[in-house]
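Each chain, letter by letter, is given below.
There are 2 protein chains.
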Amino acid sequence: MTADQTPQEKLLAMRASIDNFDAALIHILAERFRRTKEVGSLKAEHDLPPSDPVREQEQIARLRRLAEKSDLDPDFAEKFLEFVIREVIQHHKQARE
Amino acid sequence: MTADQTPQEKLLAMRASIDNFDAALIHILAERFRRTKEVGSLKAEHDLPPSDPVREQEQIARLRRLAEKSDLDPDFAEKFLEFVIREVIQHHKQARE
Numbered sequence: 188m189t190a191d192q193t194p195q196e197k198l199l200a201m202r203a204s205i206d207n208f209d210a211a212l213i214h215i216l217a218e219r220f221r222r223t224k225e226v227g228s229l230k231a232e233h234d235l236p237p238s239d240p241v242r243e244q245e246q247i248a249r250l251r252r253l254a255e256k257s258d259l260d261p262d263f264a265e266k267f268l269e270f271v272i273r274e275v276i277q278h279h280k281q282a283r284e
Numbered sequence: 188m189t190a191d192q193t194p195q196e197k198l199l200a201m202r203a204s205i206d207n208f209d210a211a212l213i214h215i216l217a218e219r220f221r222r223t224k225e226v227g228s229l230k231a232e233h234d235l236p237p238s239d240p241v242r243e244q245e246q247i248a249r250l251r252r253l254a255e256k257s258d259l260d261p262d263f264a265e266k267f268l269e270f271v272i273r274e275v276i277q278h279h280k281q282a283r284e
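Taken in sequence, the protein lines are chains A and B.
For the first sequence, our numbering assigns the number 188 to the initial residue and increments by one for each residue that follows.
For the second sequence, our numbering assigns the number 188 to the initial residue and increments by one for each residue that follows.
Keep in mind the hints are simulated off the structure, nothing from the lab.
A hint or two may mislead.
Note that the list lumps identical chains together, so a pair holds whenever it fits in one copy or between two copies.
[Unchecked claim] When the alpha-carbon atoms are kept at most 35 Å apart in a straight line, the in silico DSBU-like pairs for lysine-lysine are as follows:
#1 K230 x K197
#2 K224 x K280
#3 K224 x K197
#4 K280 x K230
#5 K280 x K197
#6 K266 x K230
#7 K230 x K256
Just chain A, with the same shape it has in the complex (with noise of 0.2 Å):
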């Protein structure tokens, strides 16, 4: 950005900033779900339990300490986590029916 834009020219810029970040946590979330789809199938192939409630208190945890350090809220880090862990229950669940 520079001084002599206009409103709009700044807020096109913000703009193609936001759309660039999303298309990088789309495609890290992507990997992630690859990621915990490789989890199910080895818990499910070794009959380790399905959910582990202290590794999830760990992950927030440690994502809210990453949050605070980058100036992000904690509770939003929290809620965004579980909103991810939600969906991979999901996952699970239809993979198993």
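Got chain A; can you put chain B on it based on the hints?
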């Protein structure tokens, strides 16, 4: 991962990848919110309309396409964007109050 790993070792390796992806997601989300905060200030400063339904529909359509290409459920991509936008609107409201 190698063939001679125990299931538990394989699980730990998969979880290490998931933790790396989560850290990446948190940092990109933090940066995305920095940008939407700038958008909020710019819109307030220049009396631009706070929401833009056409832009939002374009974002949804684009993310659904990106999700399909990367083998991610497009419905999840749409839900994810809605989840993030809800948070942005919440930020904008708090900023105005």
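> Is it within a copy, between copies, both, or neither that the alpha carbon of K280 lies no farther than 35 Å from that of K197?
Replying inline: between (45 Å within a copy, 22 Å between copies)
> How do K230 and K256 come out at 35 Å by Cα distance, when the copy is not named: within, between, both, or neither?
Replying inline: Both. Shortest intra-copy (33 Å) and inter-copy (28 Å) distances satisfy the 35 Å Cα cut-off.
> Is the C-alpha distance from K266 to K230 at most 35 Å within one copy, between copies, in both cases, or in neither?
Replying inline: both (25 Å within a copy, 27 Å between copies)
> From the Cα coordinates, with 35 Å as the cut-off, is the pair K230 and K197 best called within, between, both, or neither?
Replying inline: Close across copies (10 Å), not inside one copy (49 Å); limit 35 Å.
> Which holds for K280 with K230 at a C-alpha limit of 35 Å: within a copy, between copies, both or neither?
Replying inline: within (13 Å within a copy, 44 Å between copies)
> Checking K224 and K280: alpha-carbon separation at most 35 Å within a copy, between copies, both or neither?
Replying inline: within (11 Å within a copy, 38 Å between copies)
> Are the CA atoms of K224 and K197 at most 35 Å apart within a copy, between copies, both, or neither?
Replying inline: Between copies only: 13 Å across chains, 41 Å inside a chain, cut-off 35 Å.
Consistency with the previously given hints is maintained throughout, with no hint failing.
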